[in-house]
Amino acid sequence: MEFTFSPGSLLTFLVAFSLAPLFMGVILKVKAFFGGKQGPPWLIKYYTLFKLLRKGSVYSTSTTFVFKLGPVISFVTAFMLLLFFPFAGLPPVLSFHGDVVILFYLLGLGRFFTVLAALDTASPFEGMGAAREVFFSALAEATVFVILALFFRLSGSLSFAEYFSGSQVVNLWSQSGALILLVLIALFIVLLTENSRVPVDDPATHLELTMIHEVMILDHSGPDLALIEMGAFCKMLFYSSFISSLLYPFHMGFAVVNLVIFAATMTLLYAGVGLVESITARYKMDMVPNFILTSFALVFFATILTMEFIQ
Amino acid sequence: MDNLLLIQNGQAVSRNDIPDLNFSVFQQVVLEFVLRDGFVVQFFAYENEQGALKLLAVLRSGVNLYVTGCSLADEYPSLTSECEKFHMFEREVAEQFGVRPKDHPWLKMVRYHENYRGKEDVFGNDYSQDIPGNYPYFTVEGDAIHEVAVGPVHAGIIEPGHFRFQCAGEEVFSLEIQLGYQHRGAEKLLEQAGQPLLRLPVIAESIAGDTAIGHSLCHSQAIEALAGLEVDEGSKIVRTIALELERIANHIGDLGALSGDVAFNPPLNYFGRIRGEFLNLTLIMAGNRFGKGLVRPGGIAFPVLEEQRRIMLEKITDETPGITNVCDLLFSAHTVLARFDHTGTVSHSVAEKLGLVGYAGRACGLAYDARINFPTEAYDSVQANSNQRTTGDVYSRANVRREEIMHSLRAIPELLVKGVDAEPVPVPGSYTLAPDSFVVTVNEAWRGEVSHCLLTDKDGAILRYKVKDPSFHNWTGLAMSLRNQGISDFPLCNKSFNLSYCGFDL
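Same order as they appear, the protein sequences are chains B and A. Take the first sequence: its letters are residues 1 to 311, numbered as in this note's numbering. Take the second sequence: its letters are residues 312 to 817, numbered as in this note's numbering.
No lab work stands behind these hints, which were simulated from the structure alone. Bear in mind the structure is a predicted one, so any value in this text is a computation, not a measurement. Misleading hints may appear alongside valid ones.
To be verified - Where chain A lies over chain B, by a calculated footprint (3+ residues, C-beta under 8 Å):
| hint | region |
| --- | --- |
| 1 | 124-130 |
| 2 | 136-148 |
| 3 | 190-204 |
| 4 | 207-215 |
| 5 | 271-282 |
| 6 | 285-293 |
Unchecked claim - Quick list of in silico lysine to aspartate or glutamate cross-link-like pairs, EDC-like style, CA-CA up to 20 Å:
| hint | chain 1 | residue 1 | chain 2 | residue 2 |
| --- | --- | --- | --- | --- |
| 7 | A | K430 | A | E482 |
| 8 | A | K603 | A | E498 |
| 9 | A | K419 | A | E393 |
| 10 | A | K365 | A | E403 |
| 11 | A | K499 | A | E360 |
| 12 | A | K419 | A | D385 |
| 13 | B | K37 | A | D521 |
| 14 | B | K284 | A | E498 |
| 15 | A | K729 | A | E617 |
| 16 | A | K365 | A | D437 |
| 17 | A | K729 | A | D747 |
| 18 | B | K284 | A | D437 |
| 19 | A | K413 | A | D441 |
| 20 | B | K37 | A | E588 |
| 21 | B | K284 | A | E360 |
Where is the CB? At the ideal position from N, CA and C, for every residue including glycine.
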């Protein structure tokens, strides 16, 4: 197994990481626009983070160290994802053959500890949210792994670096673009699911009984909550970058030009999420599995098609 | 019908005219009446001057209102075992006077307070303790069952109430609602306020903050009936408009909140703004956005003249197209309809058994509207509203509200263009209430039938003041709507009823 480390990409990574909260602001602005409001300031998420980091944390006496471990692990795993991602087609900080499999399981690990922390509070709400989260993300995982199988057939690789910055890039405008179109739709559904967005979940609700992800982190406060938020930003950035990379061929010569176009695609994608949230209501809870399984059906179909095309 | 006295809404009768039956006759008459096609408006106990406990029932059937009474012993055979409509009323009587209804299927506290007579508590609670008693909630047992307890402190800005769900996974088998956290003793405050009765309207309009007009109207009508006060035409029109503005503001706010609960934000924001416009119209009339201080015995407390009428007419004309558009946006979004349709259904037969009132009842096909059946103020000149869809689900409750908003938006201009000025009533020194009298007032507030009942003693002092908020009927409807629903749909069902906690808790 070849392991690469490119210090030059550290800069791209840092820029991407530090812009993650700004992109979340785009969603809020779009939603506010459709609601006829001015919306919060663009930098609201940074303010929130600094506010939370300055606060102290409150711990219930019924919780154990697992409760404190949850936010740390969920942040660290989401942060690690970004290290392996080739933003704007530039080589990622770290990379090795087969990294995608590990990365998606890292996400799973983060979720596992979030769930454990939720169960640790012994609150009936949090257990309910945990059950929903685990069920829905297990369905989304099926989609993700079919996508990986499809990409392996298309590019013969199992690493983000090779998908998006190698010679055999996977892209909407490539020869197998029609298949990628299905993947894009499926990935968008996964993005909405994994990041607790409408129509799967409502990040803005105050109604504990309807929450999925939010209810699991009700007991976290202060810096712990800040870590969870940052983890959520990273996760959202990761999925959006994944989709953006499929959308646009980043081979314009200059790295700076690539980065600008990449940022623009990302902004559009976040605006798209805001648009979806503005024009749709949430699904009934028992409709959500159907919605997620639609993404699975799409990519499964795409994979079947490759059986014909490639041979 | 010797055993039932036919009375008029808001007209005093002598207490001596009220039938005083023996209990078994009373039970037979009342049950027969209610089981045929009657409904309970009020059902309460009081102690007369000699300290004897009496029971009164105010019943309605069609456009007729009846009253009857009997003496009450410390224990009596429950009416609830025959007819569900008495269930909450009998619990209330048991709690207030320490009287045990035998074979009541579900005898538990209503508001957790000591009874008025210093008798031993029917439920075995000791109110000198921090935790007065350990009530065993209804439970479902089994490996797959889990219990979810919500409240009394909630995440949102809603009032305190405890909800106990018995679930299998996402499905709710049973919901038990315990209220009483806001019990302020409103009835006792009203009874003990004493002369010159100036405090009474202030207490009455604080019974439920969102129904300030509804309750103060009921109160003022009762005092007017007992004190023989006449209300001029202009004031009647203003009071009608005020009640309709309260209805519009609350319905619009709730439609927005329903939309927000399913994460469909644009109508939430638009309706939020529009609700403010209607609260501001009440401000123009009353100097208070919720209409506090407007309705007073004898009329209204502020002048409403040409200028106020013009502003109101212009504002309503301006806002009506916007409301229509936002309603269309909400009711045409298919993802919203997917959430509203077939959610939280209360069947017509259940609604009839429980005696649901207001929009919750009308959404189940119970057409009763006190504005039509027992018109007061200027309601005889307002055309009746009708509801298109009455299937008892969240969609029906939302749609009934939409129709009521539109109906009120048509009715208010009709009243305004009559152009009758309303002068304020002078602040009265004191009223003399008719002695030995009884009066009941019924009004269709935005949530449904509000009713106040007043009994005076031989000196004209208030002997018993009974308040009933529509929520008293409808909370059981909410509990029923959750049967076999997803627990995640509870907030939506709850908002579609939007019942009052403090109106119930008194």
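Each hint, compared with the structure:
Three residues within the 8 Å Cβ limit are the bar, and the region 124-130 of chain B against chain A gives 4, so the coverage statement holds. With 0 residues bearing a CB less than 8 Å from a CB of chain A, the region 136-148 of chain B misses the requirement of three and the coverage assertion fails. Taking a C-beta to C-beta cut-off of 8 Å, the region 190-204 of chain B contributes 4 residues in contact with chain A, enough for the three needed, and the coverage statement holds. Residues of the region 207-215 of chain B with a Cβ under 8 Å from some Cβ of chain A number 4, which satisfies the need for three, so the listed coverage holds.
Residue count for the region 271-282 of chain B with a Cβ under 8 Å from a Cβ of chain A: 6. That meets the three needed, and the coverage hint holds. Proximity of the region 285-293 of chain B to chain A, defined as three or more residues with a beta carbon under 8 Å from a beta carbon of that chain, is established by the 3 residues found. Straight-line distance between C-alpha atoms of K430 of chain A and E482 of chain A comes to about 42 Å, which puts the hinted pair past the 20 Å bound. Of the supplied pair hints, the one linking K603 of chain A and E498 of chain A holds, its CA atoms being roughly 19 Å apart against a limit of 20 Å.
With a C-alpha separation of about 18 Å, the suggested pair K419 of chain A and E393 of chain A falls inside the 20 Å cut-off, and the hint holds. Note on K365 of chain A and E403 of chain A: the hinted pairing holds, with a Cα-Cα distance of about 14 Å set against a maximum of 20 Å. Using a Cα cut-off of 20 Å, the hinted pair K499 of chain A and E360 of chain A holds, with the two alpha carbons roughly 16 Å apart. With a C-alpha separation of about 17 Å, the suggested pairing of K419 of chain A with D385 of chain A holds against the 20 Å cut-off.
A threshold of 20 Å between alpha carbons decides the hint, and for K37 of chain B with D521 of chain A the separation of about 26 Å lies outside it, so the pair is violated. In summary, the hint linking K284 of chain B to E498 of chain A is not supported, as the alpha carbons are separated by about 42 Å, beyond the 20 Å threshold. Of the supplied pair hints, the one linking K729 of chain A and E617 of chain A holds, its CA atoms being roughly 11 Å apart against a limit of 20 Å. Between the alpha carbons of K365 of chain A and D437 of chain A the distance comes to roughly 26 Å, so the proposed pair goes past 20 Å and is violated.
Among the hinted pairs, K729 of chain A with D747 of chain A is inconsistent with the structure: their alpha-carbon atoms are about 39 Å apart, more than 20 Å. For the hint pairing K284 of chain B with D437 of chain A, the CA-to-CA distance comes to about 44 Å; that exceeds 20 Å, so the pair is violated. Restraint check for K413 of chain A and D441 of chain A: not satisfied, since their Cα atoms lie roughly 28 Å apart, outside the 20 Å limit. As the CA atoms of K37 of chain B and E588 of chain A are separated by approximately 17 Å, the hinted pair is consistent with the 20 Å bound.
Pair hint K284 of chain B plus E360 of chain A does not hold up; C-alpha atoms about 58 Å apart against a cutoff of 20 Å.
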